[in-house]
Amino acid sequence: MALIRFDGVAHSYSGHAEKPADYALQPMNFSWDDGGAYALLGPSGCGKSTLLNICSGLLKPSEGRVFFGDRDVTDLSPERRNIAQVFQFPVLYDSMSVYDNLAFPLRNRKVQRSHIDRRVREVAEMLDLGSVLKRRASGLGAELKQKISMGRGLVRDDTSAILFDEPLTVIDPQLKWRLRRQLKEVHKQFSHTMIYVTHDQIEALTFADKVVVMSDGEIVQVGTPQELFERPEHTFVGFFIGSPGMNFIECRIDGDSAVIGERRVSLSASQANAAAQAGSGDFKLGIRPEFVEAARPGEGFAARVTAVADMGEFHLVTADLDGNELKIKLPDAHAHIQDDTLHVQFPSEWLCLYHNERLIGHEVEVAA
Amino acid sequence: MNNNRFADNRAWFLVLPATLLVAFSSLIPFIAVVNYSLQIVFNMNTHSFVGWSTFHDALTNEEFRGALGRQVLFTAIVLAIEVPLGIGVALTMPRSGRAVGPIMVVLALPLLVPWNVVGLIWQIFARGDIGLFGAFVNNVLHINYNYATGSVSAWFTVVLMSVWHWTSLIALLCYAGLCAIPGAFYQAARIDGASRWAVFRFIELPKLRGVLTIAILLRFVYSFKVYAEPLTVTGGGPGSSTTFMTEMLTNTAIGQFAYGKAAAYGLLYFLIILLISYVFYIVLTRVGTSEGDQ
Amino acid sequence: MTIRRICLTLFILFLLIPIYWLVMMSFKSNTEITSQLTFFPKDWTLVHYHDIFNSGKWTGSFLHSLSYVALNVAITLPLAIPAAYAFSRYDFLADKHLFFWFLTNLMAPPAVFLIPYFQLYHSIHLFDTVYAVALAHTLFNLPLAVWILEGFMSGVPREIDETAYLDGYSLPRFFIKIFLPLIGSGIGVAAFFCFMFSWIELLLANTLTSSNAMPFATMMSSAFTASGTDWGILAAAGTLTLIPGVLVIWFVRHRIASGFALGRV
Numbered sequence: 001m002a003l004i005r006f007d008g009v010a011h012s013y014s015g016h017a018e019k020p021a022d023y024a025l026q027p028m029n030f031s032w033d034d035g036g037a038y039a040l041l042g043p044s045g046c047g048k049s050t051l052l053n054i055c056s057g058l059l060k061p062s063e064g065r066v067f068f069g070d071r072d073v074t075d076l077s078p079e080r081r082n083i084a085q086v087f088q089f090p091v092l093y094d095s096m097s098v099y100d101n102l103a104f105p106l107r108n109r110k111v112q113r114s115h116i117d118r119r120v121r122e123v124a125e126m127l128d129l130g131s132v133l134k135r136r137a138s139g140l141g142a143e144l145k146q147k148i149s150m151g152r153g154l155v156r157d158d159t160s161a162i163l164f165d166e167p168l169t170v171i172d173p174q175l176k177w178r179l180r181r182q183l184k185e186v187h188k189q190f191s192h193t194m195i196y197v198t199h200d201q202i203e204a205l206t207f208a209d210k211v212v213v214m215s216d217g218e219i220v221q222v223g224t225p226q227e228l229f230e231r232p233e234h235t236f237v238g239f240f241i242g243s244p245g246m247n248f249i250e251c252r253i254d255g256d257s258a259v260i261g262e263r264r265v266s267l268s269a270s271q272a273n274a275a276a277q278a279g280s281g282d283f284k285l286g287i288r289p290e291f292v293e294a295a296r297p298g299e300g301f302a303a304r305v306t307a308v309a310d311m312g313e314f315h316l317v318t319a320d321l322d323g324n325e326l327k328i329k330l331p332d333a334h335a336h337i338q339d340d341t342l343h344v345q346f347p348s349e350w351l352c353l354y355h356n357e358r359l360i361g362h363e364v365e366v367a368a
Numbered sequence: 001m002n003n004n005r006f007a008d009n010r011a012w013f014l015v016l017p018a019t020l021l022v023a024f025s026s027l028i029p030f031i032a033v034v035n036y037s038l039q040i041v042f043n044m045n046t047h048s049f050v051g052w053s054t055f056h057d058a059l060t061n062e063e064f065r066g067a068l069g070r071q072v073l074f075t076a077i078v079l080a081i082e083v084p085l086g087i088g089v090a091l092t093m094p095r096s097g098r099a100v101g102p103i104m105v106v107l108a109l110p111l112l113v114p115w116n117v118v119g120l121i122w123q124i125f126a127r128g129d130i131g132l133f134g135a136f137v138n139n140v141l142h143i144n145y146n147y148a149t150g151s152v153s154a155w156f157t158v159v160l161m162s163v164w165h166w167t168s169l170i171a172l173l174c175y176a177g178l179c180a181i182p183g184a185f186y187q188a189a190r191i192d193g194a195s196r197w198a199v200f201r202f203i204e205l206p207k208l209r210g211v212l213t214i215a216i217l218l219r220f221v222y223s224f225k226v227y228a229e230p231l232t233v234t235g236g237g238p239g240s241s242t243t244f245m246t247e248m249l250t251n252t253a254i255g256q257f258a259y260g261k262a263a264a265y266g267l268l269y270f271l272i273i274l275l276i277s278y279v280f281y282i283v284l285t286r287v288g289t290s291e292g293d294q
Numbered sequence: 001m002t003i004r005r006i007c008l009t010l011f012i013l014f015l016l017i018p019i020y021w022l023v024m025m026s027f028k029s030n031t032e033i034t035s036q037l038t039f040f041p042k043d044w045t046l047v048h049y050h051d052i053f054n055s056g057k058w059t060g061s062f063l064h065s066l067s068y069v070a071l072n073v074a075i076t077l078p079l080a081i082p083a084a085y086a087f088s089r090y091d092f093l094a095d096k097h098l099f100f101w102f103l104t105n106l107m108a109p110p111a112v113f114l115i116p117y118f119q120l121y122h123s124i125h126l127f128d129t130v131y132a133v134a135l136a137h138t139l140f141n142l143p144l145a146v147w148i149l150e151g152f153m154s155g156v157p158r159e160i161d162e163t164a165y166l167d168g169y170s171l172p173r174f175f176i177k178i179f180l181p182l183i184g185s186g187i188g189v190a191a192f193f194c195f196m197f198s199w200i201e202l203l204l205a206n207t208l209t210s211s212n213a214m215p216f217a218t219m220m221s222s223a224f225t226a227s228g229t230d231w232g233i234l235a236a237a238g239t240l241t242l243i244p245g246v247l248v249i250w251f252v253r254h255r256i257a258s259g260f261a262l263g264r265v
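Going line by line, the protein sequences match chains A, B and C. Each step along the first sequence adds one to the number in our numbering, with nothing skipped, and position 301 is 301. Each step along the second sequence adds one to the number in our numbering, with nothing skipped, and position 224 is 224. Each step along the third sequence adds one to the number in our numbering, with nothing skipped, and position 109 is 109.
These are computed hints drawn from the structure, not numbers from a lab. Just so we're clear, the structure is a prediction, and the values are computed from it rather than from any experiment. Note that beta-carbon positions come from the ideal geometry of N, C-alpha and C, so glycine has one too. Take the hints with a grain of salt, since some may be wrong.
Straight line, CA to CA, 30 Å or less: simulated DSS-like cross-link-like pairs of lysine-lysine [what the hints assert, rightly or not]:
1. LYS207/B with LYS96/C
2. LYS284/A with LYS327/A
3. LYS207/B with LYS110/A
4. LYS134/A with LYS207/B
5. LYS207/B with LYS60/A
6. LYS176/A with LYS207/B
Just some of the chain B residues that point at chain C, by a computed CB distance under 10 Å [claimed, not checked]:
7. TYR36
8. LEU38
9. ILE121
10. ALA135
11. VAL137
12. LEU218
13. TYR227
14. ALA253
15. ILE254
16. GLY266
Between the sequences and the hints, there should be enough to build the whole structure, so can you do that?
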């Protein structure tokens with residue numbers, strides 16, 4: 001069941017959008033499933049925070065409607081939506097104790113004292129805040145402060161979704177994993193819908209069941225971490241996810257093969273079909289550095305090696321193939337390189353075909 | 001001062017010039033004042049030592065106690081009006097837009113008027129015959145108002161003038177403090193369902209503590225030293241109903257040529273300011289930081 | 001929203017109307033001032049300004065005021081900047097006590113020091129010069145400037161200093177090339193406050209001068225004479241004292257908000 005549904009939602013901060021460039025968020029239809037753990041991933045300024053603020057109601061979209069279940073909430077203020085939000089920097093009421101901080105949203109809603117007390121203690125227990133309940137919130141470390149911010153969202157009975165806006169920015173790297181694990185536990189226990197904004201792919205891939213990748217105010221792909229890795233639907237996703245990102249090689253289509261320079265790579269039937277239907281435009285082949293294989297001399301493609309970096313468990317080779325930069329991860333690169341030349345081949349099951357930057361000819365697309 | 005600093009005593013060379021000048025401007029006169037206060041000066045050349053009795057006289061003197069009482073009352077009244085009003089004005093000011101610049105200029109304007117000109121402005125403005133305000137109160141509201149003859153009118157004028165003169169200082173400081181609060185605090189409060197009052201009480205007021213401490217301290221010190229403005233308007237009268245500490249002191253020193261007495265009064269006066277400032281500072285920095293902390 | 005705007009407008013009117021009344025009065029003739037209440041001068045006259053500008057005593061005293069204010073700022077800042085840097089960056093013997101002692105001078109009532117000041121400046125032959133007033137005003141302006149600048153300097157991360165020293169900068173070169181530009185707005189704010197407190201102070205300025213360096217504000221008391229008060233010339237003189245302040249604020253109007261927080265928000 002869809003919990004939050006965007007119906008033609010778009011936003012422009014100037015209020016009057018005429019061309020696509022005027023939008024901070026391009027018009028979109030999108031649904032967030034109830035109980036899902038989503039990561040919203042994208043570079044700075046891609047519109048993730050705008051999207052999040054539209055969900056929470058801090059921002060009213062300039063176009064379209066927002067639904068929670070069947071209810072149109074577009075015009076509802078944040079406190080009347082069942083939503084909590086955790087910000088980039090811990091937002092605490094400095095003059096209050098931890099207990100009072102946690103109780104604040106309930107007190108504002110005139111909940112019974114005994115019920116407040118029970119809820120606060122439950123949430124404190126779950127987040128390991130029991131020992132600091134009486135302390136002033138202002139003196140605590142960033143990790144505890146972020147937990148308190150989160151606790152203020154959990155304490156309400158009606159909270160159905162928690163939105164996180166890059167919540168680990170101010171946390172020490174050693175503590176990040178701990179807080180992230182605690183987040184997952186909370187998610188398992190309460191199955192709130194969680195939307196987690198980040199520009200850090202590791203954070204996104206380890207936290208979420210589903211990752212929503214955004215670029216230039218648009219959602220470019222929604223999928224599991226594995227789908228994003230293996231079948232990026234947009235060259236941006238391929239490039240943005242993975243370290244280093246996907247290789248893209250310009251090519252032209254000839255019948256059922258792609259031609260790079262003088263040499264041909266055979267395409268799958270569905271890829272060839274899609275390419276034929278697509279007609280003209282830019283074609284690119286995409287393949288992850290992990291999936292490129294070394295070939296015997298004379299076979300495959302000859303790439304000129306420009307650098308080899310030892311990354312410990314593998315070598316990262318940078319090579320040039322007809323003007324396209326290739327990154328290749330190999331366990332033992334030096335065994336295959338002769339006279340600065342490395343012969344490579346592209347296994348067809350890992351080869352993706354892109355037409356005007358979008359993935360074509362793959363079953364996933366058909367199935368969706 | 002932050003705690004994370006280089007330990008180096010050569011830094012004294014950097015503070016030395018400033019220290020010497022401040023010492024010249026304050027230490028030498030200070031020693032002279034202490035010296036006077038322990039003597040009664042008959043004239044500039046022959047004086048006899050009378051020691052602590054001067055201080056004792058000061059504390060029992062009608063003139064001193066009267067001026068101190070009026071001073072404390074005046075300071076208490078203007079702080080009670082100007083602090084809430086200044087916070088209120090800061091809250092009504094727009095955070096951005098074209099109006100901000102001109103509003104700032106108007107607010108800062110009274111602060112840059114020489115103190116006797118502040119007095120002059122109100123002397124004219126509040127007169128019943130040639131002043132808009134005085135004429136309005138007398139002829140439209142039909143309230144008998146004359147600051148030269150009625151002590152209630154005189155107090156009202158002096159307090160209103162202080163509000164006119166200094167509320168902007170508190171408003172500008174608080175405005176700066178409000179502008180520095182990140183938007184996320186307001187957003188979180190909206191999600192938590194906080195009322196406007198709760199936002200003020202639990203977000204804005206705690207975040208303003210630092211600037212409010214500065215504002216209240218400055219206002220306390222300057223209101224306690226008030227001189228030229230009431231002197232210009234009321235001349236300390238009627239009678240001595242608006243004679244505050246500084247005026248009493250200058251009257252004693254220059255009007256009565258009683259330097260020893262004036263010096264002793266002055267030292268006590270300085271001491272009282274230091275003491276109250278210290279108490280203010282301690283209370284303002286502790287309040288809302290230690291309660292509930294174990 | 002509209003209630004807020006109305007409240008703010010009322011407060012601004014409260015600030016402006018007394019000033020409006022003063023300025024309008026300066027353009028009225030003395031007979032109009034004393035005979036009737038008018039919101040607007042019936043007959044605009046510049047006679048009071050004419051009188052002031054054609055009197056050497058008035059123009060001279062205006063220049064005296066401007067020069068001791070400028071001198072005071074010129075003395076205060078070069079001494080306050082290194083001192084503030086020391087307080088913000090170094091841990092040295094008795095630093096906290098020294099800082100506190102500086103601040104106590106902000107609280108000192110000048111009235112206490114009138115007689116010793118008078119004698120002190122007499123004995124060093126500076127009495128009745130603009131230098132005396134400029135020096136005397138450092139009593140409160142120097143501690144104030146140190147306090148303001150220390151706030152701004154502590155806002156600059158110490159890593160910047162350390163990096164510069166590692167890059168081989170000497171202290172003076174680092175100070176001029178890197179540090180001063182970083183705290184430019186702090187220096188502006190300190191200068192603004194020194195200007196303000198020196199310009200509006202009267203008690204010391206009045207005590208340390210007689211005829212040769214008489215401040216403008218003291219000169220104004222000459223308009224009260226036994227035969228009556230020359231309200232017109234007083235209003236014109238009062239209006240003139242507003243001008244330097246208005247000019248200064250206009251130049252710093254975009255910095256006022258951060259400036260009034262003294263670098264401490």
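So, against the hints stated earlier in the document, which numbers end up violated here?
8 and 11
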